[in-house]
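Participant: Going down the list, the protein sequences come from chains C and R.
The opening position of the first sequence corresponds to residue 2 in the numbering used here, with each subsequent residue numbered one higher.
The opening position of the second sequence corresponds to residue 1346 in the numbering used here, with each subsequent residue numbered one higher.
Bear in mind the hints are in silico, worked out from the structure with no lab data behind them.
We treat Cβ as the ideally placed atom computed from N, Cα and C, and that holds for glycine.
There may be inaccurate statements among the hints.
To be verified - Sample of chain C residues facing chain R (criterion: CB under 7 angstroms; computed from the structure):
#	residue
1	L88
2	F90
3	A97
4	P137
5	M281
To be verified - Coverage of chain R stretches by chain C, computed from C-beta distances (three or more under 8 angstroms per stretch; other residues unrestricted):
#	region
6	1481-1488
7	1495-1504
8	1622-1631
9	1663-1675
Claimed, not checked - No farther apart than 27 angstroms at their CA atoms in a straight line, the calculated lysine-lysine pairs in the BS3-like style are these:
#	chain 1	residue 1	chain 2	residue 2
10	C	K298	R	K1484
11	C	K300	R	K1585
12	C	K303	R	K1484
13	R	K1452	R	K1398
14	C	K298	R	K1583
15	R	K1583	C	K303
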Amino acid sequence: MGDLGLIINLNLLRATLRMSTPIALAAMGLVITEQAAITNIGIEGIMLIGAFVAVAVSYFTGSWVLGILASVAAGVVVALFMAVIHLKFKADVFVAGIAINLFAIEFTRFLLRNIFNTAGSFYDPNIVPIPSITIPIIDKIPVLGTLLSGFKLTDYLGIILVFVTYFILYKTVWGLRIRFVGIHPLSAETGGVHVNIKKYQAMILSGIFGGLAGAHLSLGYTRQFIENMTNGRGLIGVAAMYFGGVTPINTWFASLFFGFTEALGNNLQTFGLPSQFMLMIPYIATVVAITIGMIRKQKREKNNLL
Amino acid sequence: MNDKLRDFLYERQSLLNVFIAVFTAMIVGTLVIYFMGYDILESYEALYQGAFKGRFNFGGTLERFVPLLLSGLAFAVASKASIFNIGVEGQLYFGAITAAFFGYIIKGVPSLVHIPVTLLLAAAAGGLWAVIPGFLRAKYNVNEVTTTIMLNYVAIFFVGYIVNHPFKNPNVGVPQTPNVQPTARLPKIMLPSRANIGIFIALALLVFFIWLLNKTTFGYKVRAVGFNPFFTDYVGVKSKLIMVLTMFLSGAIGGVLGGVEVLGIHGYVLDNFSPGYGFDGIMVGLLARNNLKALPFVAFFLAALRSGAINMERFTGVPKEVIGVIEAVIILLAAAEVIVEIKKRKSSDKGGVEVG
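Okay, chain R solo, but in the shape it has when bound (with noise of 0.2 angstroms):
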């Protein structure tokens, strides 16, 4: 292989594993379309369409973006310590149930206090949720993916007795809680479609975490503490406290992320009413490969593939799950570490000028 390419290919081959992961994804969809007896050119038109054509189409890839985005954001921050938040789903659940209670209890107040007080809560109900697995994990080294997982179940059933015993709305007959005030509702961006300001919200957020990762000493101790923890409590640094820390921020995203589905698309609780927004953004952080700057692009990916495919299946009759084999796919492809691996040029090849 020519010298500079090589080169060029091992700095970059995280990047490169992810889009043979995304491509080779897309051709086993075409080749499932394709054989499923489907025009393709016909079946993909109707999917950009459904992800980008007109407020509506183009609102649901917002509205599907949020998620996608915020659960990548918290799976991430938490792998820059090198915790593996699987507990997203039951931070967001926490969030969701505390943005329900707070958004239907206070009244009389103006959204621009209505909302930013319930999301806070949301997110510091989110965090402290997570604080139990990042403590144990921090103080007993008891594995969070374990806990985070049974923790989920915990918080499901849960939030499932709040929304079907004290705090169930009495009007209706399925188990969900009364609806929030119309000051705590996100104001829609995008009508007739339910995207809300959430998106700026999610954006906000994003913008912040990559500051405080990357600019602040505490980020720095972040990094360093997911890198390797011995070291840094040998120099001083409470590795312990950084953990339990980031835990913290990892749920709260959560915990926003729960906020914002609540006020911004439903406006209450319903029992079981995540489709698994928490474990969307293992997918999502692993095909960033955690880098912040490219959660959004990867969720706006995924957020477009997701609200195509409805349109597609409209109108051409390629059923949805296509996309979902395509993620699934992704997925699988994304979690291995090296699926090509570019080996380092040895210093001696590179042809430079032997000095001595």
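Isolated chain C, as found in the complex (with noise of 0.2 angstroms):
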């Protein structure tokens, strides 16, 4: 018993909520864009890049504030750049999708190499990490203390930015024809919908996402970058989001799901445990979550026939 109280523990829900946060993040760029029928696993690449970046500029200027607004507008060309490549010369999304986050593992090799002639990783002291917010009141109790005070800011806004998401898809003009777009481009072009338009826009706020996602990976959760730091983050990105169904709040929920998993497999190998059955979790109730929802839609549009 003294073993299982090692390892789940506050500490552990602390975990999960950190982990969770670069999940969630990718995951609502992704909803955004798949709501507009643009499965976006470049988002791996966006975020990569973005961590760079932020950590570059963090460390040039001194500024984590700097450095998020750059990764965000880094994120914001990727991101772009892919639309260009699918909506305009046609490429097809997944491939356009994994030629971004190849591009970005080369592409940040490179920087890192002749910018800060270095392999594998960069830390400096100089390096001005996203600060930690301490609330107070809540901080001195004792359990409530330790599960809601003291994460970075980007923890908390990763939070307020899922409901931002819900706000901007379903109380706004804008997100009812993001999802027009989505469900019946054709019809939303007759209605007088810039289908295209709509799709660059939506491509637009998952480059700011995959952005912030970085930054929070390089200036928040750790405080360096690492060569292929996100490590199939935008991925499990992109299970939360089938999971939650692409809907904001059951994807963040999905997320928080999926970081929970990753903080007891963790604590699972601190003390020797194989912690690989627990690390695959995520994904096989991804694999499961899409295909029992493949399923329903195919009894529903036999029923409809009927």
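Please assemble the complex out of the two chains, which come individually in their own frames, going by the hints.
Facilitator: Spelled out as structure tokens, the structure:
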């Protein structure tokens, strides 16, 4: 029982939230583009480039705010680039995404080598991280303090953005049009919505989210840049997006669940227990969830025909 | 534009676009080398020598050629049935661990038996793993890109578990399997490099699949399914079964790739041993426009670039990451279906004599 207490405790819940933030941020960008019928698996590469830019700008300017802003700007540029390849040059959306991801790995590796003259990772005391926020009063309450206070600014921002995403998609005309584009592009076009412009706008938003996720990863979650440091988190975001049924709130819960399995897996590893099966769960769960979704859809379509 | 030239280009526009992609990327790479202050000619000479000069360097190119060709083949075969197999990475992990296991456990048989048996089992393992996304796509129309990406992680974690726990070599500190028997090792062909007879296995598989897809009824069905599954169902071809079988074959190639790397290069499986061979195949397949006959040329070109890059770094100081950037630009441009579009002339422009 003592061991179990060491593995499952309050810090595990804390770690869960910490690990879920990059996934949730990426997943919100993904929800928006998926609603506009673009599966943006390039979010992984957008995050990675964002993470690099954030570290570089924070290091040279001494400002984490500029780091985040630059990361978001870089994210938007990469997302727009991918959008052009997909929408203008007619690349398959998955191929374009994979291309962006491979590009990001090679390009950041190249920049790491040429700007910081190092391979593998870059850490420096001059990198100014995103600050932690101590919530007054709550901080002093034993359990609540551990659970709610002392996270990075971007951890809180991530949670707020979940609700912002919900608001944008379901309470604004823009969101309605985006969903229209995804559900039936032809009628959207007939109804006077410029489908491609809406898709570009959705991609810009996912660039912003991807950039934020990347900056959080390198300036909040850690304080360094490591080659390929996203390590599939963007793709886990894709998984969370599907698992959450492409809606913001459920996708956030999915991100928390995936963060939990990662945190628990790490704890198991610390005690020399095999963590691999724990770490597999999000991916298996996603495959199962997508399959169930498709079976339901097929049944619905069959019933509609009858 | 001259009419004949236009017709000529129209018929070859996918090839034209590939050349534009490669050419643009090489220009980008050259500019990068130039602006970093290195001598361009000297750099390219070092690159060329690193890829081709001497047994060690040329062997290094051949060694890199094999996984590029096999993963490209795996990707291209699946794409013939309009399936995007992003899961080659996972499939090669299953092939690798299977090869490591049977390469180790089978004892006292000659190489002529040991190698084929081990590779066939590796192929089966990779193929069966690929059947899962193939089945889900065929039966429930679940997007195979997403499932194969997810299943890659499952495969890598699963093999990670095997390598760290039940099948760990107790004599070494790092998580790796015991060495396979000497009878399972693929003979080297160009010492002191690590090039081995895996290259002949890869080329034989290529020839086999060119024959299978172009000269057999099965191959015709695969291409028909890729063209239009509803139509093939209508004329009595079981398109779902064809999809699953194609995915099995694609995964089997991935399995062989894993097996060849283990038996030919390493002799064991190390946790996370693949530097992304499976993803390289996407690039190879894209550049070859999934034309099987073009695969070896693309694979060889990329292998030479990578092999040469190491030499270039050693002798001129140009970081080998430059080649990574070139590759990245190639894949970005190759992803685009059309960079330059040559429109077909209207038949009335052709200037033939009108009949009637």
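Participant: Each hint should be assessed against the structure and marked as holding or not.
Facilitator: These are the hints, each one checked on the structure:
Among the interface hints, the one on L88 (chain C) is violated; its C-beta lies about 11 angstroms from the nearest C-beta in chain R, farther than the 7 angstroms criterion. The beta carbon of F90 (chain C) is positioned within 7 angstroms of a beta carbon in chain R (closest approach about 4 angstroms), and the interface hint is therefore held. Checking A97 (chain C) against chain R by beta carbon gives a least distance of about 5 angstroms; that is within 7 angstroms, so the hint holds. Interface restraint check for P137 (chain C): the shortest CB-CB distance to chain R comes to about 41 angstroms, outside 7 angstroms, so the restraint is violated.
The interface hint given for M281 (chain C) holds, since its Cβ lies 5 angstroms from the closest Cβ of chain R, which is under the 7 angstroms cut-off. Requiring three or more residues with a Cβ within less than 8 angstroms of a Cβ of chain C, the coverage given for the region 1481-1488 of chain R holds, as 5 such residues are present. Under the rule that three or more residues need a Cβ within less than 8 angstroms of chain C, the assignment of the region 1495-1504 of chain R holds, with 6 such residues. With 4 residues having a Cβ less than 8 angstroms from any Cβ of chain C, the region 1622-1631 of chain R passes the three-residue criterion, so the hint holds.
Proximity of the region 1663-1675 of chain R to chain C, defined as three or more residues with a beta carbon under 8 angstroms from a beta carbon of that chain, is established by the 8 residues found. Under the criterion of a C-alpha separation no larger than 27 angstroms, the hint pairing K298 (chain C) with K1484 (chain R) is consistent with the structure, at around 13 angstroms. The straight-line distance between the Cα atoms of K300 (chain C) and K1585 (chain R) is roughly 18 angstroms, inside the 27 angstroms bound, and the hint therefore holds. For the suggested pair K303 (chain C) and K1484 (chain R), the alpha carbons sit about 14 angstroms apart, so the restraint of at most 27 angstroms is met.
Restraint check for K1452 (chain R) and K1398 (chain R): not satisfied, since their Cα atoms lie roughly 39 angstroms apart, outside the 27 angstroms limit. Under the criterion of a C-alpha separation no larger than 27 angstroms, the hint pairing K298 (chain C) with K1583 (chain R) is consistent with the structure, at around 22 angstroms. Distance hint between K1583 (chain R) and K303 (chain C) is fulfilled; the C-alpha atoms sit about 20 angstroms from each other, no more than 27 angstroms.
The earlier numbered hints that this structure contradicts are 1, 4 and 13.
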